[in-house]
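Assemble chain B onto chain A, guided by the hints.
Residue numbers (this note's numbering), protein chains in the order written: chain A, 1 to 386; chain B, 1 to 386.
Please note that the accuracy of each hint is not assured.
Any copy will do: because identical chains look the same in the list, a pair fits if it lies in one copy or spans two.
Claimed, not checked - As a list, the in silico DSSO-like pairs of lysine-lysine whose alpha-carbon atoms are at most 30 Å apart:
#, residue 1, residue 2
1, Lys-280, Lys-39
2, Lys-331, Lys-310
3, Lys-39, Lys-3
4, Lys-175, Lys-228
5, Lys-313, Lys-257
6, Lys-3, Lys-175
Hints in this document: simulated from the structure, not taken from any laboratory.
2 protein chains.
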Amino acid sequence: MQKRFLITPGPTPVPPEVLSALSEPVVHHRAPRFTEILKQVVAGLKYIYQTENDIIVLAASGTGAMESAVVNIVNPGDHVLVGSMGNFGERWKKLTATWGAEVTALDYEWGTKVVPVDIERALAADPAIKAVYVQFSETSTGVLNDIRAIGEIVARTPAILVVDAISGLGATDLKTDDWCVDICVAGSQKALMVPPGLAYAAVSEKAWAVVEQCTTPRFYYDYVTARKKMTGDAAQTPYTPAVSLMVAQNAAIDLIKEEGLENVFERHRILARAAKEGVKALGLELFGPEDPEANSVTAVRVPDGVDGGKIGKIARDKWGVWLAGGQGELKGKIFRFGHCGYFGHSDIIVGLCTVEMVLAELGYDVKFGASAAAAEKVFMQSTVQL
Amino acid sequence: MQKRFLITPGPTPVPPEVLSALSEPVVHHRAPRFTEILKQVVAGLKYIYQTENDIIVLAASGTGAMESAVVNIVNPGDHVLVGSMGNFGERWKKLTATWGAEVTALDYEWGTKVVPVDIERALAADPAIKAVYVQFSETSTGVLNDIRAIGEIVARTPAILVVDAISGLGATDLKTDDWCVDICVAGSQKALMVPPGLAYAAVSEKAWAVVEQCTTPRFYYDYVTARKKMTGDAAQTPYTPAVSLMVAQNAAIDLIKEEGLENVFERHRILARAAKEGVKALGLELFGPEDPEANSVTAVRVPDGVDGGKIGKIARDKWGVWLAGGQGELKGKIFRFGHCGYFGHSDIIVGLCTVEMVLAELGYDVKFGASAAAAEKVFMQSTVQL
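Bound-form chain A, shown alone:
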């Protein structure tokens, strides 16, 4: 009977309108109706990506899209630069290495940002670098990189910029074209408000030139085949698409358009600020810099004396609330609230009050109600609906 709350950075809650769309009868993927859906989804994604670039739609989760941005770019022996400041930066390193790249890694302490000038220096030091791989929002820490600055630097070189925007796109302003992001990958299950199973890549003209020269074998993930098939009046996907998820994505895009991208971003700013003020009011320490645009994930240090491994378990088993723990080297050291996508003031309140009860059970000296109070004060200043 217990109600369940997904206060995690993916999968995220799915709006009822999207759940309804998901349960529509299955459309055949070679039907004209599916062509319409595909076109609408692509047009909607261009609005959210703020791009005129081509959008590739894949039946895959985020890691599939990340791998597609490697196999379409990297030939064995190619030089790539990875800026890593968390678990998903490590994934760029593994993916590029898997496909034979010579990887130069800029490793930053988890919880900090990639330093744009380091990218500039690394590119200057090795003009053979073909691509730069970074995260927009690093899901494992909640930290946001300055893609605008990195994009300006990379644009001045022959290298292309590949950005994992899986947890950031649709939550925080990301100007794919203005910021010169050449391949921008995303997934359906974060701020795009659809269950996992769809992944996207926005590919620039600069990237296409590299893709067309890339000889690494690929079939399912081949961007060239996908673009050809997805173009024109009878646009389709080359292989069977996740049709119901596409119908759902279309419904979710309608909701995002109705709310308006600026309002969506502002809602995320308010929710993230409320989450941060809430945890601080409990005397907890935020993990990473306090960035007013880092609005997908709030990462919190586990306080001294508390068994971090138990926080998520008690929240889930006792209160039906899914929080995220730390990944990799942060396991047991932080816990995370996700708030990208279909989140409102209620989720933040429930998440915070649940954390109060869980921490109290684990022996932390909780000032009950303090986090809700701090969050409410933030909510009351909102100019957008929450």
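Relative to the frame of chain A, chain B by itself:
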């Protein structure tokens, strides 16, 4: 994009399992499959009603079931006794008067209980009284009557006891048989966790004797026809039933059985206690006696200086949270939280924190977070899942 919370005493939130059942393909009501569903629903309702009496299932809302308990009992000129302490007591008076009864009304101040000894005296004063009409939980005030005591009194007379348990059944322990309730009416949209549209009446042998003698014209609501049709291996309803709601009710009953009736009652006790402690922590005054078994509705006096008419409106329009206002003479004077049915700790927290923000906006001096703190302390002592 705003999430909506129904923190009202009906309609109430519907569990996802029940929503799924509701969207199953429509079953034909003369199919053997529907007979199975009808039997299962009736058996499940007997478990919840704690009765061996016959259960009549109607495609109607609660008022339809109330009217059925009048037209099957009252001949014009019959004497009836109504104990009224709220808006739905007034409805018993109107319904019985509509059908020509000579009504003796015991009127109590709204927010107080029917006094059992008054019933005893009234029955002694007029041995012609054929039926006593009262509420279990008076939805308009949240006050619970002592049906056990009233049942004992009425059982010693030829009169039958008719109880409106619409907002109480399934939230608070109601022993239909042990407490000698002769007709007990309920609706699907409260603690039974289904959207509105189904209504039920549990009818005792003592009541059947009266029903069979009743000459008031009735067709759709006729219990005799309904019992005949609903009996036996090929049980059906006499007229088209609300089949999808029945399928949904069946799913909801499964959830109630899985949780167990005692745990359901305990969950409601904890949620109601948390709501009450929460509002008291804000310095607000509860409306009505603080009764540990009155667990369907928490009624709160609007504090001085606050425009009571605006509380529900702001909660709804600004925060997506539906609360209930006062009805009849209590309009603008109280507001109500409903928490009968598919409610958990999250709903109470969201309801309380929303009230904090709304009252602050309306000029009340709110101690932010105090209500959440008080509720959390209650939740943490729970021995059942919330």
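**OP:** Tell me, in ascending order, the numbers of any earlier hints that this structure violates.
**Re:** Of the numbered hints given earlier, the structure breaks just one, which is hint 1.
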